[in-house]
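Colleague: Those protein sequences? They're chains Z and P, same order as listed. Each residue of the first sequence is one higher than the one before, counting from 1 in the UniProt record's numbering. Each residue of the second sequence is one higher than the one before, counting from 1 in the UniProt record's numbering.
Be aware that a few hints might be false.
Derived DSS-like pairs (lysine-lysine); straight-line CA-CA distance at most 25 angstroms [what the hints assert, rightly or not]:
1. K30/P to K231/P
2. K417/P to K98/P
3. K353/P to K26/P
4. K21/P to K11/P
5. K98/P to K35/Z
6. K35/Z to K417/P
Because the hints were derived from the structure by calculation, they are not lab data. No experiment lies behind these values; they were computed from the predicted model shown.
Here is what each chain is made of, one letter per residue.
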Amino acid sequence: MLIDCPHCGPRDLAEFSYQGDASRTRPDLGSTDTKAWIDYVYNRPNPAGRHREFWQHAGGCRAHLVVERDTLTHEIHAVAIARDAAGGDAA
Amino acid sequence: MAEYSAFSLLKNAFSGNRDWKPAWRKPDPKPNYDVIIIGGGGHGLATAYYLAAEHGITNVAVLEKGWLGSGNIGRNTTIVRSNYLLPESLRFYEYSMKLWENLSHELNYNVMFSQRGILNLAHSPGQADAYIRRGNAMRHSGVDAEWLSPQQIARRVPGLDTSASARFPITGGLLQPRAGTARHDAIAWGYARAADRRGVDLLENCEVTGFLRDGDRITGVSTTRGDIRAKKVAVAVAGSTSRVLQRAGIERLPLESHVLQAFVSEAIKPFVNCVVTFGAGHLYMSQSDKGGLVFGGSLDFYNSYAQRGNLPTAQDVMSEICAMFPSVARLRLLRSWGGVMDMSMDGSPIITKGPLPGLYLNCGWCYGGFKATPASGYSFAWTIAKDEPHAINAPFTLSRFERGAAIDETGHGPTPKLH
Ligand SMILES: Cc1cc2nc3c(=O)[nH]c(=O)nc-3n(C[C@H](O)[C@H](O)[C@H](O)COP(=O)(O)OP(=O)(O)OC[C@H]3O[C@@H](n4cnc5c(N)ncnc54)[C@H](O)[C@@H]3O)c2cc1C
Ligand SMILES: [Zn+2]
């Protein structure tokens, strides 16, 4: 698997570190909605197919990325800098 | 269906092994069952067997989308152990170990359970302390455990680099002598045959594509072989759990699917006589009865439903086995493959009633569900039959995350790739 880092170009998977599902939205920090917090911390859609996920180019520029990848085929559809990627818990 | 015995082996040997009968029937689906079990892996088949054998519930069907045993039960590195730290895990896996010890006899099927021992190597004083603590917890619970010095380890496992110049010198190791390996396919086939002969229908090439419902209640399933109704529907589909439950409208679960690879080398003469794990990295290795070294390491670290892995993990695993046993460096690798595992948020399984009325759930096995097969089937059957958990699976609910009662052996928190 190659990940096309927006800063560094296509690099081997081994340079990256996986940070998990990027589709979750953290409740507002002041929120006392326990159900929402439990859902955020523990529950995952775990799709077979397209999955938005965080990766860090830890062995390169160290940027945090949002990658859209197919969990069935390992095919990568999109790579963006996490800060610029709209939606999700990119904070 | 013939019993296996010394006599039947001899008789069939003389007739050129041409007269063996199939081990189970190939029935057509009935329109109605008391219990449907989705997933013909070890856990589904064991559940069917114990439903029939322990609870007299025989109007049961096991639905398998491929062929029996084509999932993780046939893909694992066959390690059976009960060397856990937490009381809930110890009680569950030791219960399983006791069932293993009688399984060939109970099923009249040689599952080749070999109690050759498992040795967890430690490479730092901190790691040694952690293993000794675990060993003490085990002994408190009546489970066998012994601490071995580097000298004792060198005598026990001659091929191992126990020298002070090893990249990660060995400070000692925790041995569970009663642990070992078993023939993975034989577990599936043994439970399948035993369930079949008690009347359970094993339906292969029968994929569940949806659920029948009456309001909230699950009343059956749609399959590639038609609709089938049941009073109770139990799910035991390992890495496919999220996909199957999505068809019942459950969109999110405390699970992620990850791929784990396994490797087998060419056969060599007897080399290691126990299971050895390399604590400086993550590697477990044993030798099969055919002589191949069977080993694996970490999963690939990202969500995956592909039943194959990627090269960096394979390279990692190879470098670890060479660090541990320098003499295997020039062995050829025969095969590698991947299996899709149901990684839970605390690394422990879920065996429970629900999450919908009429539904029962068995999942979250992470790297380690093979050893659990007998206890998983036993306690899941109990839960289905009585609508309440057995003492050994009572802590393993879906609601434990909400209640703050996670069973997190490694202390990694809700990061499935690390369990
Ligand atoms: C490489 C590898 C090494 C491992 N090593 C070990 C080890 O050394 N020790 C250990 O204890 N554990 C180990 N494990 C884990 C262990 O193999 C599993 O946890 C355990 O086998 C899973 O339970 P199961 O056997 O019921 O699942 P499976 O055998 O995967 O059964 C699930 C079945 O459900 C079927 N299914 C899925 N979807 C549907 C559907 N829609 N309709 C009908 N059927 C469906 C699948 O085809 C499959 O046959 C390992 C796993 C892997 C992948
Ligand atoms: Zn980069």
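Colleague: State for each hint whether it applies.
Modeller: Now for the hints, and whether the structure bears them out:
no.: 1; hint: K30/P to K231/P; verdict: holds, 13 angstroms
no.: 2; hint: K417/P to K98/P; verdict: violated, 30 angstroms
no.: 3; hint: K353/P to K26/P; verdict: violated, 29 angstroms
no.: 4; hint: K21/P to K11/P; verdict: holds, 13 angstroms
no.: 5; hint: K98/P to K35/Z; verdict: violated, 39 angstroms
no.: 6; hint: K35/Z to K417/P; verdict: holds, 24 angstroms
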